[in-house]
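Novice: Got chain A; can you put chain B on it based on the hints?
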Amino acid sequence: MTFPDPVQFAVPIFIVAILAEMLAIRFGARGDYEWRDTATSLLMGFGNTMAAVVFGAGILALGAALWEYRLFDIPVTAATVVLCFLLDDLAYYWFHRSAHEVRWFWASHVVHHSSQHYNLSTALRQTWTGPISFSFAFRLPLFLIGFDPRVVFFVGGLNLVYQFFVHTEVVRRLPFGLEYILNTPSHHRVHHGTNPRYLDRNYGGVLIVWDRLFGSFEPEVEAPRYGIVRNLATFNPLWVAVHEWVAIARDVIAARDWRGRWMAVAGPPGWRDGSTAAAIRAQAAPSAGVPAE
Amino acid sequence: MIGIALLVAAAWAFGFRAAPRLDAGEALRLAGEAVAGFAGTRVDLAADGRAALVHGADGRTVLVRGHGNRWVVRPVPPAALRHDAGAVVVDLGEPLFPTTIFAPAAPRIAA
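Just so you know, the protein sequences line up as chains A and B, in that order. Numbering (this note's numbering) for the first sequence: 629 to 921. Numbering (this note's numbering) for the second sequence: 915 to 1025.
Quick caveat, the hints were computed from the structure, so don't treat them as lab data. Remember, it's a predicted structure, so these values are computed and weren't measured experimentally. Some hints could be false.
As the list claims (entries may be wrong) - Quick list of the computed label-pair ranges, beta carbon to beta carbon:
#	chain 1	residue 1	chain 2	residue 2	range
1	A	Gly902	B	Arg956	23 to 29 angstroms
2	B	Gly939	A	Gly902	27 to 33 angstroms
3	B	Arg935	A	Ser903	24 to 30 angstroms
4	A	Pro632	B	Ala1017	57 to 63 angstroms
5	B	Gly939	A	Val880	37 to 43 angstroms
6	A	Val880	B	His997	34 to 40 angstroms
7	A	Ala912	B	Pro934	21 to 27 angstroms
8	B	Arg956	A	Val880	34 to 40 angstroms
Glycine is no exception: its CB is placed at the ideal position from the N, C-alpha and C atoms.
One chain only, chain B, in its complex shape:
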């Protein structure tokens, strides 16, 4: 356990704790790589740049969400999307997958 603590502290001290921000191009790329046959055409970015909703030409929607310094991607079924006081809420109902909230007036970016 001492060894574990030492290595985790070293990783933190060496600066391996970045939380990168998404841009539209990156969100489109990540969604296309993770979901077979998906081609995004429009991106809604979260205000903090840590999540994006990517809308496809075929009507599908894909969530890209930050996880450490990497990203987790999921197709979003329509039932998992709801609007709440102007915000878009994505709740996939998956254990330990946090609810993602897109604040009102998130910038809409055409691909």
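Chain A extracted, bound-state conformation:
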């Protein structure tokens, strides 16, 4: 059985969808673009693809090598593909949560949050340094359990393609109770919000049930302010890619002791200047945000 790369198939759809979203916004739908912000997002996506080309073979080989030590021989059937999809989404939840709560992983993931816009092009604003931060480690247990590496990469691709479509303000809420089960545009807008109540919430990839289960769910009750706590003042893609790594290096050098050095790398983002998500939430006055519609 062969498994296509879902992302490769989806790229033309991404382009058409972004154009359609721009048009919809021009004709009055909710949302916004900025042409230089869009350029940066798309160049980050391009660089992410190049990084995958450079490092992909190694990660593929690592997955295949681990699979040789698998616990179970799991056949490739529709049921096991679905099971792998669910477990991959669970692994994604913990990767994503770590990417927000551990600065080493955040240094890569911050790229995705560095736009103050929330539109379909933001979905493509991806890191160039993911392999350096070993973010792929969260997926490795799937190989050890015994899922065929082709299946693991296939469901990972499906997960990415799904997540592209939640990066929009055009869609308000999904019908039929889907908001309870799925990560939706509304839930993911919260995730991209810097409003104190929204920081470090809604990590789910496809399913939002993981957030409900692990206590990180937050509904959209006020209009999100998108971006990061210290928004960047440049559209320069290289700086977008490396700014947090540079900040880590600076903080490690400035740290007075080993605890400070460790926390600069492995502590929560904002630990050094007291601007962690928890600290910001604690300092925030009762919200006076704009109600979400």
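Specialist: Positioned in the frame of chain A, the structure of chain B alone reads:
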């Protein structure tokens, strides 16, 4: 790369290239939202409306600066502020954060 060029050109052609101007109320709101516990009382607006210095009751100063059609906000340490030929110059020393110059006699607006 062709796809990127097409989409960026489309964004430009559809008019997603506005550079909005600040007013005092907006500057106060942005500073208060971005800096925890900050309450602005006075605003110095740049002549072109693309930046503001917001002064707080507690003595802190916050810079609001245009970035595309959004704003970037930073607390301004006293050492980052200097006066040069009547202008107020804000140089945060942050990589790729442009120096912001407030020309002489910027209007002072009480909140």
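Novice: Are the hints correct? Go through all of them and say.
Specialist: Going down the list of hints, with the structure as the test:
1. A:Gly902 to B:Arg956: 23 to 29 angstroms: For arginine 956 of chain B against glycine 902 of chain A, whose Cβ atoms are near 26 angstroms apart, the range 23 to 29 angstroms holds.
2. B:Gly939 to A:Gly902: 27 to 33 angstroms: 29 angstroms, holds
3. B:Arg935 to A:Ser903: 24 to 30 angstroms: This hint holds: roughly 29 angstroms between Cβ atoms.
4. A:Pro632 to B:Ala1017: 57 to 63 angstroms: Holds: the Cβ-Cβ distance is about 59 angstroms, inside 57 to 63 angstroms.
5. B:Gly939 to A:Val880: 37 to 43 angstroms: Given about 41 angstroms between the Cβ atoms, the range holds.
6. A:Val880 to B:His997: 34 to 40 angstroms: At roughly 35 angstroms between Cβ atoms, histidine 997 of chain B and valine 880 of chain A fall inside 34 to 40 angstroms, so the hint holds.
7. A:Ala912 to B:Pro934: 21 to 27 angstroms: With Cβ atoms ~26 angstroms apart, the hint holds.
8. B:Arg956 to A:Val880: 34 to 40 angstroms: 38 angstroms, holds
Consistency with the previously given hints is maintained throughout, with no hint failing.
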